[in-house]
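Chains Y and P supply the protein sequences, listed in that same order.
Start counting at 1 in the first sequence, then tack on 38, and there's your number in this note's numbering.
Start counting at 1 in the second sequence, then tack on 47, and there's your number in this note's numbering.
I should point out that these hints are in silico values taken from the structure, not numbers from a laboratory.
Errors might be hidden in some of the hints.
[As the list claims (entries may be wrong)] Derived coverage of chain Y by chain P (criterion: at least 3 residues anywhere in the stretch with Cβ under 8 Å from a Cβ of chain P; other residues may be distant):
| no. | stretch |
| --- | --- |
| 1 | 162–170 |
| 2 | 206–215 |
| 3 | 228–242 |
| 4 | 259–267 |
Since we're looking at a predicted model, the values are computed, not measured.
Ideal placement from N, C-alpha and C gives every residue a C-beta, glycine not left out.
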Amino acid sequence: MTNRTTQIGTGDVLCFLCVRNESDRLPHFLRHHRALGVRHFLIVDNGSTDGTPDLLRGQPDVSLWQTQASYKASRFGMDWLTWLMMRHGHGHWCLTLDADELLIYPYWQARPLPALTGWLDRQGRDSFGALTVDMYPEGPVSQGVVGPDRDPITHLAWFDAGNYLVQVQPRMRNLWIQGGVRARAFFGQTPRRAPTLNKTPLVRWNWRYAYVNSTHALLPPRLNQVYATDGGELTSGVLLHTKFLPGITERSAEEKTRGQHFGNAAQYAAYYDRLTDDPVLHTIASTRYTGWRQMEALGLMSRGGWV
Amino acid sequence: MTQASTLGVVMLCHAALDRAAQLARHWAMHGCPVVIHVDARTPHAQFEGLRSALKDLPDIRFTPRLPCEWGTFGLVQATLDAATRMLADFTQVSHVLLASGSCLPIKPVRALQAHLSAEPGIDFIESVTTADVGWTIGGLNEERFTLRFPFSWKRQRRFFDGYVALQRKLGFRRSLPKGLVPHLGSQWWCLTRRTLEGILNLPDRGRIDRYFKRVWIPDESYFQSLVRQVSTSIESRSLTLSKFDYQGRPYIFYDDHLHLLRQADAFIARKAWHQADVLYQTFLTRDGDRAHATEPSPGKINRLFAKAVERRVKGRPGLYMQSRFPVRARGAALAAAPYGVFSGFAPLFTDFQPWLGRALDARVHGHLFAFDRVQFAGGETVYKGGLSDSPTLRDYNPRSFLANLIWNTRGETQCFQFGPEDEQDIAPTIASDPNASIFLISGAFAVPLWQSGRSAQEVRAEAARLQKVESDFIYMLKGVETKARIRIWSLAEFIENPAEPLEQLVDLLNPRAAHRVTELPQLLDLRGFGSFLQDLRNQGMAPVLMGDFPSDVELAQPNPPFARPRIVR
Chain Y
39 MTNRTTQIGT GDVLCFLCVR NESDRLPHFL RHHRALGVRH FLIVDNGSTD GTPDLLRGQP
99 DVSLWQTQAS YKASRFGMDW LTWLMMRHGH GHWCLTLDAD ELLIYPYWQA RPLPALTGWL
159 DRQGRDSFGA LTVDMYPEGP VSQGVVGPDR DPITHLAWFD AGNYLVQVQP RMRNLWIQGG
219 VRARAFFGQT PRRAPTLNKT PLVRWNWRYA YVNSTHALLP PRLNQVYATD GGELTSGVLL
279 HTKFLPGITE RSAEEKTRGQ HFGNAAQYAA YYDRLTDDPV LHTIASTRYT GWRQMEALGL
339 MSRGGWV
Chain P
48 MTQASTLGVV MLCHAALDRA AQLARHWAMH GCPVVIHVDA RTPHAQFEGL RSALKDLPDI
108 RFTPRLPCEW GTFGLVQATL DAATRMLADF TQVSHVLLAS GSCLPIKPVR ALQAHLSAEP
168 GIDFIESVTT ADVGWTIGGL NEERFTLRFP FSWKRQRRFF DGYVALQRKL GFRRSLPKGL
228 VPHLGSQWWC LTRRTLEGIL NLPDRGRIDR YFKRVWIPDE SYFQSLVRQV STSIESRSLT
288 LSKFDYQGRP YIFYDDHLHL LRQADAFIAR KAWHQADVLY QTFLTRDGDR AHATEPSPGK
348 INRLFAKAVE RRVKGRPGLY MQSRFPVRAR GAALAAAPYG VFSGFAPLFT DFQPWLGRAL
408 DARVHGHLFA FDRVQFAGGE TVYKGGLSDS PTLRDYNPRS FLANLIWNTR GETQCFQFGP
468 EDEQDIAPTI ASDPNASIFL ISGAFAVPLW QSGRSAQEVR AEAARLQKVE SDFIYMLKGV
528 ETKARIRIWS LAEFIENPAE PLEQLVDLLN PRAAHRVTEL PQLLDLRGFG SFLQDLRNQG
588 MAPVLMGDFP SDVELAQPNP PFARPRIVR
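Excised from the complex, chain Y in its bound form (with noise of 0.2 Å):
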């Protein structure tokens, strides 16, 4: 364990974060989300054996947890995380991510955080939507060398622009979003099963809330309306998903056999499977990715009067 935390600061943006064997996304992760503002990170590690501790030792601005209990138990690691925001996360803006996910957000080189929570605050808004949108490369997803401080962006250029699925749960009041490469590759014939893609991954904590389920659903369940629903638009942004870097047919492979997925892991064996064969994403009807303001203008985020 390294505690840092006493150098959180009133008001500082934090962000928690559940690893495992992360140490080739982990640098530019954090040099992404450093830049946007965030002061420091709160992170367990769930057994890593590639270095990934040391390398978050070695981070003026991090603190690490240190566990080998199953990452299922521990509900995807959100039990662990669920602690540390009751203790450090009261009072502050919190960001809650994977390893794989870079926010994005409207204006999101020219303003950071402190300026989105300024905004979001101003709006009386404590939480803040955001999609995931599942990257990925041109050629089979096995090919390509992305160095550990390369944008991983910058080879998982593509994404799918137009296939979400969007439907409420009226019980916690959130959205419920799937569809995407994942979708539209995996779970043609189970689309029920295809994974979620919306996720409140930024709220002004309290160490009353709780997320439900990852950071898809939390409560209380107001904090789930992130969406407006008389026709107008919030402020939303987008989680970058680099799942799909070159080490991702080894890893479903791994994945497989340790069955540490939500849900019923023998549901997920096939998708499995299909990874492992190294599929081609990419189609004639993929999206170059060019920035926030594409992003916008397809509608995968707004900035909802944000200006």
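We have chain Y; now place chain P onto it with these hints.
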């Protein structure tokens, strides 16, 4: 440099006092005395920090700190105190500018002074009668002056709203001080010494102040109203650019607004984000070191902010995403653009789809809702935006599928075939969509059955099923929920004169393209279909949706039969 010493700045501050110090220094360095008021609720240490940061500057004063809650008289009182001090301490001051601790001068101070010197008697203050304002929030214009507001709008909203409602119900009305005509406007003004002295020395100011203590948001009405009593030359516009969101909160300017602010015709911008280093660095350079100003283009700024408000309030029709999911709004079932749904056309012509594409200049799909496969135009397996041809994926959320298709193809009209042989779950969505135009030839579903060469006995059950599905669809289309544009012809009506319905639909879907249509698609030779219908009747089915279809003998009459019809112009 006589004119350079005439502007004094009253600054009302409450947070980010490091920026306030920078701003005060900038004004002072350019010869403008500054009187600062800091909100009493700001921590004392911060206030002391500001004082010591400015202690080397002789022409800076601080006035006693009062609490300035939003919407209360505290802000006005602080302004009055500071203005009094300004006029007393700095006799050279001819104009007083009211600014906040985040009001950034975006033009050289010299330019502002020159502007004031050009017409020295003018008061720059937005001052609009209550009848003419369109921007106020909460529906309170005139009532700001005639009701009482003892409760805080921010902290005691329920009491605030309840007390307003109660006063309305009781018909309560405060009487206005004599001679006062209520005016509203931006709280940021620039007044001449003469006018300001006039206001400060109004004979019944005690009574006026007592009155305004119970007016809501007096900082937007006190000076704006009183100026009308003392000044004869008012230019009703603020020199300070400020933009408001749909809830009436001021927009904040960030570093990426630099270019925009350079195009403003105002002299000061409210409010600049306290971390906008580029803005502060750029605009707080000394007058002499500045880059040349860009030609003002205030219309561009207005449009940008108006569009942002519209995006927040109205959104983009036809878009369903993580921060827009209209369920309450009228027009919730609205696709992004008009589209055409064609039922029963394709089986009647040999070349309907290519013809339609040419006639409408549109993308024409096959049966998008076919059971076996999504029939995208050109037989694509993955369509624009990544839509899959998997019927399972489509049927999992058919509304999203259609909304996505229409959204993804904005700028190109979409048409598709839809009939009783298709998956029907999407039907209510289409029917209730004002952007849908549905053209239906009832009974045409029987033509492919007839063409299949199978006997009436073999296809009887299928024909009956399709007829049931189609009549349910027609029944729905005639219901009250329907918002789509509907044209329905029976098969018999249609073949009597196919040109007219075809022209109609072209006119409806693409009025501009209509003039290019001279040729119509090739109608199938339907001789023999009448006998097929009779056979169905003989098998015990009642084919009714086709209308009164002519017998083969009757069909033989027009000469030549089923020629490619031409439109005569």
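Each hint tested on the structure:
With 3 residues having a Cβ less than 8 Å from any Cβ of chain P, the stretch 162–170 of chain Y passes the three-residue criterion, so the hint holds. Requiring three or more residues with a Cβ within less than 8 Å of a Cβ of chain P, the coverage given for the stretch 206–215 of chain Y holds, as 3 such residues are present. Given a C-beta distance limit of less than 8 Å, the hint that chain P covers the stretch 228–242 of chain Y holds, as 4 residues qualify and 3 suffice. Check on the stretch 259–267 of chain Y: 4 of its residues sit with their Cβ under 8 Å from a Cβ of chain P, so the three-residue criterion for coverage holds.
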